[in-house]
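Enquirer: Residues per chain, in single letters:
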Amino acid sequence: MNPELFENLRLELRRGVLTVAVLTQLRHEHYGYALRKALAERGMAIDENTLYPLLRRLESQGLLVSQWREEDKRNKRFYRLSIDGGQMLGQLLDEWRDINDSLNRITGRALPPNRDTQEGEPCNSSTRT
Amino acid sequence: MQLLDTYLKAVARFLPAAERDDIVRELSENLRSQIDDREAQINRPLTDTEVKALLDRLGSPLEVAGRYQQNTRVLAFGRVLVGPVLFPFYTKVLGFNLGITAAVIVIIGTALRRPAASLAQGLLIHLFIQFAIVTLIFSLVEMGLGGRPGTSDLQRPAAPVAPPRGRDKLRVSRLESLSQIVALGILLAWLPALRDFARSAFAGAGLAPAPIWRVVYVTLAGLWCAGIAQASVNLFRPGWAGFRSVARLAMDLVWMGMVVITLSAGRWVGALDPGAPSAVAQAATVEGINRGLFIGLVVTSIVSVIMIFFDARRLIRAT
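Chains as they are written, first to last, in the numbering used here: chain F, 94 to 222; chain Y, 589 to 907.
Certain hints may be false.
[What the hints assert, rightly or not] Partial pick of chain F residues on the chain Y-facing surface, computed with a CB cut under 10 Å: (1) A114; (2) G125; (3) T143; (4) Y145; (5) R149; (6) R167; (7) K169; (8) R170; (9) W189.
Because the hints were derived from the structure by calculation, they are not lab data. From the three backbone atoms N, C-alpha and C, an ideal C-beta is built for every residue, glycine too.
This is chain F alone, in the form it adopts within the complex:
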C-alpha cells in the first residue's frame, strides 16, 4: 500500500468531518485552545493552524458567535454555536447519518466480515471498475 496516498485520502476524508466535529463540540462554549484539547481527548486531534482559522471562518459564516471574556486572569475569545449554526449542525448530522448508513450498506456487501482474509481482494478490485 502507498502510505503517502493513504495519508492524502485520510486527510481528505477528515476535512469535511472536522467542521461537523467543531460545530458539535461548540454546543458548549469553548475558547480556541480548550476546544482543541476537548476534541483531541475525543479522538479528533486538529492542528492549531487548521482549527483557529476555521473558527473565524465559521463565525464569519454566521454559524458561531464569539465573545471576549476574562478567565483565569486572562482575556479569551469564547465561541459557541449560533442559532443558524444549530440548524446547520442538525442538517449536517442528518447528512452524516445518511452517509454512514449508506457506507455501512455498501461496505457490508463489498467487504467480507474479516478484512484480513484473501477474499477481500477481488471485492476491492471490482469496486475500482
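Chain F is already provided as a structure; the job is to place chain Y on it using the hints.
Expert: Leaving out everything else, chain Y in the frame of chain F:
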C-alpha cells in the same frame, strides 16, 4: 515570552490589516494557554528552547498567517500552476519585478521622449518576458512540491531545533528566501537587456550615457548576486536570521555608496556627438534629463538613508 511576542509580531506582518490585531490577540491567548498548560504538566516554566520548539512546530509566521486568508487564490491554466501556499509569494515577486521593469522602462522612455507606441511596445515585451519567467519558475516549484501543500520540506513546520543563540531568534522562511532568489535572479538575467535597451534608446535620441553608469551597472549586478547568495545561505540555514540582517545592512550601505558616487558625477547624460550642430538643439533636453536625474538621485539617497535606519534598528533589536 519575548520569543512569543517576536513571533506574533512576525505573523502580524503578513495578516490582512483589517483583522490583524484581533487575530494576533486571539492567537496570542491560545498559545499562552498552551504554554501555561504545558508548564502545569511539567511543574516548571518552559525554557526558551521549548517555546521555540513549540513555535517551530506551528510553522513559519508566513505560513501561519497564510492560513487566515479567507480567499485562497491560485493561478490556474487548465490545471493549477501556482497553488494557494505559493500564490502570495508569486504575486509578491511578480509585483516586485514588474514594478521595477515598468518604472525603469517608462522613466528611460519618457526622459528620451520616445514615441508612445514604441514605448508601449518595449514595455509590453519586457513585462511579458518577466511575467513568463516568474510564472514558469513558480510552476516548476509548485510541481516540485507535488501539489501537496504541507508535505514538502519547504512548507513543513520545522523540527525542534537547538536553543536560540545570540541574534538567531527567528527563522527565515524558506519560501521567502526562494522568492528572493527567483526575483533577483530574473532581474540579474534581465540587466543586460535593460542596458541594451537604454543604450539604443539613448543613441536613438542622439544622446550618450555618462561613464558613471558602468559603475551603477556593475554595482547593481554585484548587489543582486549578493542578495541571491544571502538568500541561498538562508534557504539551507533558515536559523541564521542574524546573518540576513547583517547582509541586508551591508547591502544597504553599498547601495548608498553607489547612489552617492553616482550623485557626485554631476552629469549623467550628454550629447552623443558634442561637436555636431544638433548638439546645441539638444542642450535643453540634456539639461532637463540631468536635472530630473539629479532630483531622482537625491530622493533615492534619502530613501536609502531611511532603509539603512530601519535595517540597522532591526539588527540591533535582533541582537
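Enquirer: Which hints, by number, does the structure contradict?
Expert: Of the numbered hints given earlier, those the structure breaks are 1, 9, listed in rising order.
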